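From just these sequences and the hints, can you work out the full model?
Number of protein chains: 4
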Amino acid sequence: MGIFKDIESNVRGYCRAFPVVFRKAHNATLVDDQGKEYVDFLGGAGTLNYGHNNPEFKQALIDYIESDGITHGLDMHTEAKRDFLETFQSHILEPRGMDYKVQFTGPTGTNAVEAALKIARMNTGRQTIVSFTNGFHGVTQGAAAVTANGYYKKANGMPTTGVQFMPFDGYLGDFDTLKYFEKALEDGSSGLGHPAAVIVECIQGEGGLNVASAEWMRGLQALCRRHDMLLIVDDIQAGCGRSGTFFSFEEFDIQPDIITLSKSLGGYGLPMAVVLLKEKYDTWKPGEHNGTFRGNNHAFVTARRALETYWSDDRFATEVKHKAFLLKNRLKSIQARHAGDCKHKGRGIMQGLEFASGEVASEITELAFSRGLIIETSGSDDQVVKILTPLTIEEANLNKGLDILESCIDEVLAERLRVANAS
Amino acid sequence: MGIFKDIESNVRGYCRAFPVVFRKAHNATLVDDQGKEYVDFLGGAGTLNYGHNNPEFKQALIDYIESDGITHGLDMHTEAKRDFLETFQSHILEPRGMDYKVQFTGPTGTNAVEAALKIARMNTGRQTIVSFTNGFHGVTQGAAAVTANGYYKKANGMPTTGVQFMPFDGYLGDFDTLKYFEKALEDGSSGLGHPAAVIVECIQGEGGLNVASAEWMRGLQALCRRHDMLLIVDDIQAGCGRSGTFFSFEEFDIQPDIITLSKSLGGYGLPMAVVLLKEKYDTWKPGEHNGTFRGNNHAFVTARRALETYWSDDRFATEVKHKAFLLKNRLKSIQARHAGDCKHKGRGIMQGLEFASGEVASEITELAFSRGLIIETSGSDDQVVKILTPLTIEEANLNKGLDILESCIDEVLAERLRVANAS
Amino acid sequence: MGIFKDIESNVRGYCRAFPVVFRKAHNATLVDDQGKEYVDFLGGAGTLNYGHNNPEFKQALIDYIESDGITHGLDMHTEAKRDFLETFQSHILEPRGMDYKVQFTGPTGTNAVEAALKIARMNTGRQTIVSFTNGFHGVTQGAAAVTANGYYKKANGMPTTGVQFMPFDGYLGDFDTLKYFEKALEDGSSGLGHPAAVIVECIQGEGGLNVASAEWMRGLQALCRRHDMLLIVDDIQAGCGRSGTFFSFEEFDIQPDIITLSKSLGGYGLPMAVVLLKEKYDTWKPGEHNGTFRGNNHAFVTARRALETYWSDDRFATEVKHKAFLLKNRLKSIQARHAGDCKHKGRGIMQGLEFASGEVASEITELAFSRGLIIETSGSDDQVVKILTPLTIEEANLNKGLDILESCIDEVLAERLRVANAS
Amino acid sequence: MGIFKDIESNVRGYCRAFPVVFRKAHNATLVDDQGKEYVDFLGGAGTLNYGHNNPEFKQALIDYIESDGITHGLDMHTEAKRDFLETFQSHILEPRGMDYKVQFTGPTGTNAVEAALKIARMNTGRQTIVSFTNGFHGVTQGAAAVTANGYYKKANGMPTTGVQFMPFDGYLGDFDTLKYFEKALEDGSSGLGHPAAVIVECIQGEGGLNVASAEWMRGLQALCRRHDMLLIVDDIQAGCGRSGTFFSFEEFDIQPDIITLSKSLGGYGLPMAVVLLKEKYDTWKPGEHNGTFRGNNHAFVTARRALETYWSDDRFATEVKHKAFLLKNRLKSIQARHAGDCKHKGRGIMQGLEFASGEVASEITELAFSRGLIIETSGSDDQVVKILTPLTIEEANLNKGLDILESCIDEVLAERLRVANAS
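Protein chains in written order, with full-length UniProt numbering: chain A, 1 to 423; chain B, 1 to 423; chain C, 1 to 423; chain D, 1 to 423.
Think of the hints as simulated: they come from the structure by calculation, not from any bench.
Note that this is a predicted model, so its numbers are computed, not measured.
Incorrect hints may appear among the rest.
Facing chain C, a subset of chain A residues (Cβ under 8 Å, in silico) [stated by the list, open to error]:
| id | residue |
| --- | --- |
| 1 | Q127 |
| 2 | T128 |
| 3 | N134 |
| 4 | Y151 |
| 5 | K154 |
| 6 | G162 |
| 7 | L172 |
| 8 | D187 |
| 9 | S190 |
| 10 | L192 |
| 11 | D381 |
Derived list of chain D stretches under chain C, where covered just means 3 residues or more per stretch with a C-beta under 8 Å from a C-beta of chain C [said to hold, decoys possible]:
| id | stretch |
| --- | --- |
| 12 | 22-33 |
| 13 | 36-49 |
| 14 | 133-141 |
| 15 | 148-162 |
| 16 | 277-290 |
Mimicking BS3-like on lysine-lysine, the simulated pairs with C-alpha atoms at most 30 Å apart in a straight line are [unchecked claim]:
| id | chain 1 | residue 1 | chain 2 | residue 2 |
| --- | --- | --- | --- | --- |
| 17 | B | K154 | A | K154 |
| 18 | A | K285 | C | K154 |
| 19 | A | K101 | B | K154 |
| 20 | A | K58 | A | K323 |
| 21 | D | K154 | B | K285 |
| 22 | A | K24 | A | K400 |
| 23 | C | K36 | C | K24 |
| 24 | C | K179 | A | K154 |
| 25 | A | K400 | A | K343 |
| 26 | B | K24 | A | K101 |
| 27 | C | K58 | C | K101 |
| 28 | C | K183 | B | K285 |
| 29 | A | K36 | A | K58 |
| 30 | C | K285 | D | K5 |
Note that the Cβ used here is the ideal one computed from N, Cα and C, for glycine as well.
Right under this line is the structure:
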């Protein structure tokens, strides 16, 4: 691994937690250059909902490459883009009664967020965006401003401009955080002014698997409507099926004004991002938000296949919900056995356990890695062990991973108890 | 094309100038869904230096995919990344005596620029960045702030913060713009303060093919050294061989503190971006600048092949210089025939002709498209017809494209003259 | 009044509520150019704590002028400044065990606030300031950013930068707002980051007479200490005796790091402002925060006399507390008679009644003006009728004013009830 | 002087250069507490155009105070304000054919500048302000952003937002700086965008007595008109007669959209400031830019007297021009004797000599102080010895001061020459 240490920047991160060199992968299994296999509960941080190198899409991609299909086409029309758009329309938007324009942005989540903030500001002529505690939306300057984590904010090196933070659902215990938000909106002297938009995740991935309730999300949308603010749902991590439905807010009966999607949208782990926006807000002039890689046609090919394969009917969603149910039961039972030491969080296949500190959580994930499980932490103190495994994971593999995880939790907590009692 | 009009956002741009649906492509040839072929003088806006679907890389990519090589791995170590790093080190950095760390950012140019600005601000504890007239660096908030074009700046919707613009080489005619910059730096009361860094392109692509001279670039580096500012060269469009050397500044005998690369780096048109930074500035903490698609392993595979294929010796560079020479002669002769109506600009295979207005330039490129040539305009008024064809273009195809272009120029200028005389 | 309408800017405000031309004034009595007298419950918005044209200071000022004492001296040493500083030290700081440096800023409250924010940012190297809902700190750009009122914020024309707002004491009903603040500070991912400082008023004057409790203020100071943030108390309106003690926080047993004073500091209604800062934060370099009128020597003369006259012993404070007690009783009794229609707010001689809307409050103050009482509204909707009469008001005059006020309240509320019942 | 050292903030500035305690003053003479007299060539940094304690205004002020005239009246109508407005209208605006609304801002120059920037931004809906190299406009956040001096900018602690700097007249030697400005405006990709307004001083006081030519100022106004930007002339230091006419731009035949005045406007050295704005830009809503001391009625009384005494006819202006002529001759002759070592700068009674460094200039002013002359330096390196004496200075006193100054220059330059030759 000398070359990494020699010339890769110190900014590298995940490779420090998982210090091996990976060679190949399939579905929820990673294989390193020694042939060792790992259960993947990381799932590309939400990018590999359909697993590594999904065989359904793989052949389509190879066929496309072999046919010399357009690989890079800026934002010109291509057959691959056309096919993706038609499939997205027929498989996702139409069945859900959703009427949105699709903007292809630079193929990263942060770029989609930047585009969403711009269009919200342009449409309203206002500059303040409301974001929430523990929200994560990216690290480019505009997205970092709406990202709550001080680690990224500090690295951004610029003061937060045009953003005010509000407490997320549950942040103030029993106190209804929307009441505070509403009061601040109605009170012309709250410091909030009249925001252009609200940006929110239904399930906060990086923030520690905090879940917004249906009631809260509906209340938030109502607030946006009453106060003429655009509602932006950042569904980059929680979208594309992870919650059990394609969008994480489907069961809430809301219609955000703007939606950002990325990560698993490309299907195969290939870079792709879109902004969905209601037609009346599609006031862009040609090329106003541009970028070289808006047309990642390989991703269009696999994205389309993903939609066709998994979203033609409700079988996949049902399967995801079933696995989420299994996961929840398992985690709840662990919580029950370690009452007070860990707490279940999340929903869909975006669940985890919160421990007393990032230190405890890290001990667990490090031990797990040594036993063949790749899993990361999240939350403000990295105190939440987070399961983001591919939705397509085989049940056996899921259980195998959970077994490793549970044993590690048991051992780490037991050892900690022993030390505590000894001292 | 109904689906595009129906649901693709109004932000779409290039597809308006080239309103067909493309199916496939090879080297400098694009083919639409009717089978019609086009000479590609656009080259993915600098992304397709090695041509569309370069056969050298294509098989490597297919092999990798077939072997279930890691596609998406966040920023974990993979064999593909290792191989890329080793090749980049051996083929690019070492032979040029360059000692840099490599940071994989989100796979877009704008993301690399954002990372560069952050690290410059963090290293210096200062916030002002100096950018230049007609500079283009991306459209996310931080990059848009250093982008000179008001079209993007306005869409950004936020006031320019922490950025001051200086005139680029030649912007003030015979007046040495570095003298102004130097005076402003030495004068504590110039309004400039003490900037953290300077960001500059050696050849301004979007800005209209303005070329910085070797002397000016050396002077700029000297100014940066004397005044303790970091020199960031944004080589996203002019790099990866387009100027006739791998980096656009190689013949200037300078060593920027930070270099951004993207576009053709991935080789095959796949999204990829890096920041090169001198070790002393690599003060990143793990994950401070993160992103889901930092590890686009498909791009690593093709990027490595591109380096091996084209940068193992100087044959490719020599070939590029030869084509650039042909191009220059041809454009100079057109200029000579239309004295006063067009002006040669640029260097390397990044040359073009400046016309009286964007209107004239657009007439030419529209006519060219109808005749099978894809070529775009650039510059503040889109008044520059810009040739960014793949460096690998066959000479016959290059000449074919130039023939079309020349005939269109002749006709448009003649018609304009006719109308002018008639009125 | 033609000249005002003809050439004074539309920005003029108070004169619209009190559309007469005033000629002279003494203590709490204003006289217009027709000789009509008005009871002054406005008190120069807190500037005339010692009444209009206080005879104790008047002669000192005339003597100083007649002696050709320095009127304008930039920030040079003058006898008048020396005498003021010695008196401020002996009469205010020393008796209270307060060890502060005195910075003379431009002679307006907003200028003192700007200086306070700068020095907090410079001392910490951080940029975020926390301000509170309904806080008012001035209208220059830096002060407007920490001012909560959207009316001023919008006029500022720039996005709020480097400021986050927190709910003031009582803003969330029974929910302890400091708990939210503390959680946000301890949570590295709350969006708040690590602020440089907190700026707060103990009694929010413009914000509608919201009162911070001693416990809350102590908790806030403790929070600042624990989290290494500077505590700035803006005592511009509530200071100089208005609360019943010289500083509004004296009975709270706290020691802010920075205190801003202005308004009644000059004693005679003359422009003057200071920043008090603990010595360790006095890291200013000479002239870093400058301004032409820092040395308003006339104000130094009257300011010193005010301190000598009213703060040599505790008689004045006792008198103020007595009047505050009378005021409270009277307002509480009005509240009792109009249960549900108005609510007592404030403390010291900074009390008032909150009505259902700004409309009701305005009707009352307009009626009051017609009957010879000058009184203004405050609060986010101007719904609070605010009594800021000179602390030196004669009890007879105070009662006269209160009689007028009470009769107006009775009539306006009765008429509103009549109309409501009729419809 | 113990008290100053003990408790006055380190920010104190002028008192360090002139370390005595002043007692009284008349016209251009200051007297310290030991009875020592000084010739005042500082003139309150432009505030004392009519001299210290001008006897013409003194009695009016005392009479007003004795009559209990309104001292502090917020922005209510008073007789003193009415009389000032009528006199300003009849003596200043009407005779010059100027049609402006008068806004009373907080009584400091920086506050007037902040108001001017706000109203420019609100009227245009744009945020960028263009300011010039060496411009000084104040130290509150908005004004500091348009101030060129890095010393204040750094203390401001926030990145410059919404401001771009352009080179002032003469900054680039023979190169016409307006050509650069114009090119940047016409070039949509210059980085400048479409500014809301330009703020400029006709004579840069703090910036080192740089003088804009009539041609340049007319060109600047024409540029503003062509590009729909507001022209703000900051006449705070150069206005009120200092240039030889009331406004510093009168002989240029221009009509700025907005003018800021302060310093000598109050006449007696009392805090006062106004913004003059063309009626169509007076779009303020009531109280949008407010402040406690907008109505400094003492200053209205003396300001009116100043207008009546000195601006009823052209005698005063003629006298000022005559003194400016004497001053210029004297300084030019000094320059001639020390060819190469000092250079004449400025116009009106705002002239000085530029030396090789701030060190030389300081030696001269220190020596001068020891000989009874108070004079300051300005410029980016404090290299300009600046004469800002009261316009009313007696010719004998003027000559006395110039004699001292000349002797100090001769001695300091001679000594420097001696040392240089010796080494």
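Hint-by-hint comparison with the structure:
1. Q127: holds, 4 Å
2. T128: Hint on T128/A: holds, closest Cβ of chain C at ~7 Å, below 8 Å.
3. N134: It holds, given that the least Cβ distance between N134/A and chain C is near 5 Å, below 8 Å.
4. Y151: holds, 7 Å
5. K154: holds, 7 Å
6. G162: Hint holds; G162/A Cβ to chain C Cβ min 4 Å, cut 8 Å.
7. L172: holds, 6 Å
8. D187: It holds, given that the least Cβ distance between D187/A and chain C is near 5 Å, below 8 Å.
9. S190: holds, 5 Å
10. L192: holds, 7 Å
11. D381: The hint holds - D381/A has a Cβ within 8 Å of chain C, the shortest such distance being about 7 Å.
12. 22-33: holds (count 7)
13. 36-49: As far as the stretch 36-49 of chain D goes, the hint holds, because 6 residues have Cβ atoms under 8 Å from chain C.
14. 133-141: With 4 residues closer than 8 Å to chain C, the stretch 133-141 of chain D meets the three-residue bar; holds.
15. 148-162: Check passed, 8 qualifying residues.
16. 277-290: holds (count 10)
17. K154/B - K154/A: Holds: K154/B and K154/A sit about 26 Å apart, inside 30 Å.
18. K285/A - K154/C: holds, 27 Å
19. K101/A - K154/B: Status holds; Cα separation ~22 Å.
20. K58/A - K323/A: Roughly 24 Å separates the two Cα atoms, so the pair holds.
21. K154/D - K285/B: holds, 27 Å
22. K24/A - K400/A: Holds, at about 20 Å.
23. K36/C - K24/C: Roughly 10 Å separates the two Cα atoms, so the pair holds.
24. K179/C - K154/A: holds, 24 Å
25. K400/A - K343/A: Holds - the C-alpha atoms of K343/A and K400/A are around 21 Å apart, at most 30 Å.
26. K24/B - K101/A: Between K24/B and K101/A the Cα gap is close to 26 Å, so the pair holds against 30 Å.
27. K58/C - K101/C: holds, 28 Å
28. K183/C - K285/B: holds, 25 Å
29. K36/A - K58/A: Holds, at roughly 23 Å.
30. K285/C - K5/D: Holds, because 14 Å separates the two Cα atoms, which is no more than 30 Å.
When each numbered hint is compared with the structure, no violation occurs for any of them.
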